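We have chain A already, so just place chains B, U, D and Y with the ligands on it with the hints.
Letter by letter, the chains look like this.
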Amino acid sequence: MLEIALKHQFAGFALDLALNAPGGITALFGHSGAGKSTVVNAVSGLLRPDHGRIAVDGEVLLDTQAGIALPPHRRRIGYVFQEARLFPHLDMRANLTYGARFAPPGPGVIGFDRAVEMLGLGALLDRRPGALSGGEAARVALGRALLSKPRMLLMDEPLAALDGARKAEILPYFETLRDEVKLPILYVSHAPAEVARLASSVALLEDGHLRAFGPARDVLADPGAAGGFGGRAAGALISGRVAAQEHDGLARIETAGGAIYLEAPGMAMGTDLRLQIHGADVTLALVQPEQVSALNILRVTVLEVGAPDGPSVFVKLALGEERLLARLTTRSVAALGLRAGLECHAMIKAVSLAS
Amino acid sequence: MLEIALKHQFAGFALDLALNAPGGITALFGHSGAGKSTVVNAVSGLLRPDHGRIAVDGEVLLDTQAGIALPPHRRRIGYVFQEARLFPHLDMRANLTYGARFAPPGPGVIGFDRAVEMLGLGALLDRRPGALSGGEAARVALGRALLSKPRMLLMDEPLAALDGARKAEILPYFETLRDEVKLPILYVSHAPAEVARLASSVALLEDGHLRAFGPARDVLADPGAAGGFGGRAAGALISGRVAAQEHDGLARIETAGGAIYLEAPGMAMGTDLRLQIHGADVTLALVQPEQVSALNILRVTVLEVGAPDGPSVFVKLALGEERLLARLTTRSVAALGLRAGLECHAMIKAVSLAS
Amino acid sequence: GEVTVFAAASMKTALDEVARGWEAQTGNLAHISYAGSGALARQITAGAPVDIFISANPGWMESVTKTGKVKAREDLLANHLVLIAHDPEAAPVTLSEGLDLKALLKGGKLAMALVDAVPAGQYGKAALEHFGLWDGIKGDVAQADNVRATLMMVALGAAPYGITYDSDAVAEPRVHVVATFPDDSHPPIRYPAARLSDSDAARSFYAALRSPEAARVFTAQGFQVLK
Amino acid sequence: MSWLSPPEWQAVVLSLKVAGLATACALPPGIGVAYLLARGRFVGHGLLNGLVHLPLILPPVVTGYLLLLGFAPNGPLGAALARIGIALAFNWKGAALAAGVMAFPLMVRAIRLAIEAVDPRLEAAASTLGASRVWVFATVTLPLIVPGIIAGAITAFAKAMGEFGATITFVSNIPGQTQTLPLAIYSQLQVPGGEGSAAKLVVISITLALGALLVSEALAKRIAARIAGRDA
Amino acid sequence: MSWLSPPEWQAVVLSLKVAGLATACALPPGIGVAYLLARGRFVGHGLLNGLVHLPLILPPVVTGYLLLLGFAPNGPLGAALARIGIALAFNWKGAALAAGVMAFPLMVRAIRLAIEAVDPRLEAAASTLGASRVWVFATVTLPLIVPGIIAGAITAFAKAMGEFGATITFVSNIPGQTQTLPLAIYSQLQVPGGEGSAAKLVVISITLALGALLVSEALAKRIAARIAGRDA
Ligand SMILES: Nc1ncnc2c1ncn2[C@@H]1O[C@H](COP(=O)(O)OP(=O)(O)OP(=O)(O)O)[C@@H](O)[C@H]1O
Ligand SMILES: Nc1ncnc2c1ncn2[C@@H]1O[C@H](COP(=O)(O)OP(=O)(O)OP(=O)(O)O)[C@@H](O)[C@H]1O
Ligand code: MOO
Ligand SMILES: [Mg+2]
Ligand SMILES: [Mg+2]
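Protein chains in written order, with our numbering: chain A, 1 to 355; chain B, 1 to 355; chain U, 1 to 227; chain D, 1 to 232; chain Y, 1 to 232.
Keep in mind that a hint or two might mislead.
Listed below are the simulated DSS-like cross-link pairs for lysine-lysine, each with C-alpha atoms no more than 27 angstroms apart in a straight line [stated by the list, open to error]:
(1) Lys138/U / Lys17/Y
(2) Lys138/U / Lys93/Y
(3) Lys69/U / Lys93/D
(4) Lys149/B / Lys182/B
(5) Lys106/U / Lys93/Y
Listing some non-contacts, in silico: residues in chain U with all C-beta distances to chain D over 12 angstroms [claimed, not checked]:
(6) Gln25
(7) Val93
(8) Leu99
(9) Ala103
Don't read these hints as lab results, they were simulated from the structure.
The structure displayed is predicted, hence computed values, not measured ones.
Yeah, the Cβ is synthetic: ideal placement off N, Cα and C, and Gly gets one too.
Chain A on its own, in the form it takes in the complex (with noise of 0.2 angstroms):
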């Protein structure tokens, strides 16, 4: 649990929000300059916010109406910066394990060998800052947060300096910190698709406010908000279970709406995973298509057409007890009749449902 309730003026711009995280991964969203650094900073404690209250697990790190503001070294917060921030005076190993020391005993969010297999740190334990590329920072400097045994992760933007393999290798990580671990996560993100992939909740700020808040789920399918994340990126989140990884590498997921299937290399059979299925890869038709070389073929119900957003719409689908989102030109709307009550197919790749 995770209560944030803010009130701060820089010149020229305030922020004026509060939410209530139910834990797991936040994401926070929104344009540059919207206002994500600023909340998080109020959170680690690095800056005192004009007015709020903030607090984890229901301690009170910040209530400037009771006088109470826990110093940044006693809120067991692990910060990743949106710039690295290594200590140039260390070396990588000593960089990694800067925090261990003040961290209570006990094996921490994660160890450091795990660490630096995971992040790829093995042939940089004995440079220094200034020998490292911006992405070899970056993941030295995740890997920093994390050794501190943290309570809490904040993160900004921790994976925009990386390459597309690099955040795929990274990106399951944070998956397992925030369903085994259950670290709580608040994520600063201008990528939809990390936020679609990781966030249990998704705050959307505009200009120091909350445009939406609520569950990623919710979120992430509202048509309204749907804007607020780039046409493409929107689509509705599904859940489901590892049924078989089949002999071609592909996994069959049973969900609420049916059988999917997509690429999970190295899923083991019972895991419960997330898909979110863009609005953009759904195809919808009325008959049930022949002979395509789309994997997943599922009977939908549309619920609503939504408003034009410029020559597109979102769709909204019933798949069983599930809602999907298709993302369709009003004129494929038109020209198929699209209305609320019809019944239809939508078809959605494999290879989409991989990245």
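Same frame as chain A, but now just chains B, U, D and Y with the ligands:
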């Protein structure tokens, strides 16, 4: 014309590559630590490589054999660094105009007002770097380089700190720089979408060496190199021309393979453009699909089925003179019996081409 | 007219008064630079534009004379060397070979000027040697860079006893003289004066130094005027 | 000010003049030498560094003596300067020279530290924007080290206000011409019972130097804040 | 060394001892005061700053005089220290006190500048990793300012090697106990014709201080390079 031949040794890292880029935007793509920033630093003159030769439009900037090494300030190369590196003692206006006093008289690639407008800096002009958000700083850095009237630009992940909306605003301007101003740009990016959209040539770096280099069209559509970009990102580039802006907001693009519809707001009739069609967005059907929402249904011929890469493969298609790539599961390839020479239909959603 | 006078620092009180009288009488102006005799002598040798030089040390006057600039010179003043004490109750001391100076100091230091460099120190060392006391006391001598600093140490009580000129002791109420060294116990203490220019003002000032008014002032300050 | 006798008043004015001139004249070469020492790679680096520090290492009297040897009317430099109409010996300009020389190492140290703290990546950025080395220095390095320059200048000014040994040895102690506050204080201390008037001069000396210190401090802080403007 | 007379040799050893002790003892409070002045916000900030600078502003004789007032055997502090068995007057420890006091402002200046150059964002990062203010200082600030500390220490050492006025006034000139090199040089210069033997001591003095300077310089450069390791 940009000629680069470099050999440089860091402890534990060796760079060795040579490439001749034909102008336009040359993307440097590669994993974190692959050597992208090192190349860019050598071109800027900030790094003196052990051996090498660098020439822009025939003018030799560096030739270690001939003992030539122009200092950075005489190279007239705008550099947008991976970190913003704004001057802390100057306000944003002074940061932006810093390079102008050293530049030759006459109009540069962009005027002050236009740059401010394009980058959304109006409200920031009197601020100092300390009072900027990460994305704001990145935008100022970009403007500063453009306003120094460079004859070439180096950009080291210039958009990494920007949100999607801001990216979407700035990308078209890079296209303008490429197509109208004809400013050669060396562009480092981790984002395949950016690379696909912008790059005339693509250099794929791996561990200090060139893994692939050539026109963007070839490298991006090369199933062999595609893995380097992450599966989802690979896809063919096809050229077209805006033939009509239709009443419902869709543009009709004429290509060598027929008409393609997509959202292209604000693009004038007759504009030439390049589309990347991601392999993951292409669905194949053996029979003409009916009553589907996908607007673009193109007749294609299978040219080649690539080697499987996990559970999926790239299938190379002929669309008239153009080439398309489709990424399919091996299961679908088998189910449809895809093989070279087979004619089929490629479905591509208009909205998936929009981003 | 104006004169520039270089004079040993320890003459300040007396010479300032003499100069004021001379200025009042003649309407001339005297610029007097007080510093250590050595520093002044070097400056003169280096070409300082000076009309009158009064040294606390015949040795430095010799080095100035060698430059050939000296137009006239004579020994102006003499002084006595005294043993002073901080404690107002301190009993008078009889200087003799048998004196136990160390016991007198009770673990404290005997303040003197630099015994190898500053005249007051050199005279003091000679006088103590004369009585055969030097070797027994030299480890307990605190040497200051000039007589005034020596005086100050005793005045503050940092050192219980010290050796200074009579003229210094006269002016400092916080010390009192417990013994006067006999004149034959050390080389004669002389303050030679020299005139280095022939200007009227210089001649006038040089003459004023020997005037009865000046003699009164010098005497009042504890100097002895040499005839 | 009625509680200051004319000669005391003279000493105050003279000290300010001397320390002001010394600081002002030492500043440009101080910045230059600091830059050379901070960023230069050349033979003789160590030598230059040593030379600059000499006045700190040597007893002030020795420095004054060396100045006297060089700049006195019949010294080699003094004679040369005399020919172009500049006389330094035994006047307030000479006092400023002595004070400047003594204060120089302090000034250079402060400025050099400031230069070494400038992020070379900012200078690199400026060079890619077309600024030559000189321009980079003038438009990036210099503004960034202003707090260091102020610190150096004020330390030098304070030192110049207090300089005694080299001054009295080089230019003597002539009231109205070379008798700065420290020399006046010294003279008072030579007079039995002069502590009182010495104390008055000490208080004035402290007041002036501390005033300058506080003003410069406030200035430097303001500029540093403007430069940094950094968030938490 | 046969070309040094035993008393000269004594003066050399004593000077090194005095300057070494002065620097070593001044260092911890120097770092503390520099930190307070650089980062502290408290009433009396200006006062502390002024106090630290006093020895720079005052003629050294006055500083020596004030030390004598305070620390002489019958002075208030001197008496108190004597009761716990510490005697400072007229011995080499007193000389070190005088040299330390005179060198203190130089040391504080250098260290303070270094602290002000530390990026507060690194300190903020350390605090989010669990380091309290003291730990942040010990593990981040302190290592980053090592070059500044070395610079401050060596400036202080050089100054301590050259200190004359305060030393002779406070502890006077006792061969073998308080006669440091500058005092020995001064003595020689007071004797007509003593320049020759003074020159020898001057050369020794320069050699020692410059040696220390160069060594420290090299050390600081090495550490700074390790810390920076910055690319172009
Ligand atoms: N000054 C240096 N000294 C030693 N090694 C260095 C130095 N600078 C870079 N390297 C190493 O050279 C390699 C290439 O670095 P470079 O910065 O060019 O990578 P990059 O491709 O830009 O990576 P990123 O995408 O993470 O910014 C890295 O392994 C890095 O650690
Ligand atoms: N110290 C400061 N003083 C004044 N204004 C500030 C300060 N820090 C931030 N701001 C302003 O507050 C607003 C929010 O900044 P913040 O850093 O929180 O944005 P952000 O959402 O993190 O943006 P980005 O994605 O670009 O990092 C911006 O308009 C910024 O200019
Ligand atoms: O007047 Mo002196 O030269 O201090 O003995
Ligand atoms: Mg931010
Ligand atoms: Mg890089």
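Hint by hint, here is what the structure shows:
1. Lys138/U / Lys17/Y: Roughly 23 angstroms separates the two Cα atoms, so the pair holds.
2. Lys138/U / Lys93/Y: Distance ~20 angstroms between Lys138/U and Lys93/Y Cα, so the pair holds.
3. Lys69/U / Lys93/D: holds (26 angstroms)
4. Lys149/B / Lys182/B: This hinted pair holds, its Cα atoms lying about 13 angstroms apart.
5. Lys106/U / Lys93/Y: holds (21 angstroms)
6. Gln25: About 20 angstroms separates Gln25/U from the closest Cβ of chain D, which puts it past 12 angstroms; holds.
7. Val93: Consistent with the label, Val93/U stays out of reach of chain D, its closest Cβ about 22 angstroms off (over 12 angstroms).
8. Leu99: holds (27 angstroms)
9. Ala103: Non-interface label stands for Ala103/U: nearest chain D Cβ at 29 angstroms, farther than 12 angstroms.
Hint violations for this structure: none, all hints satisfied.
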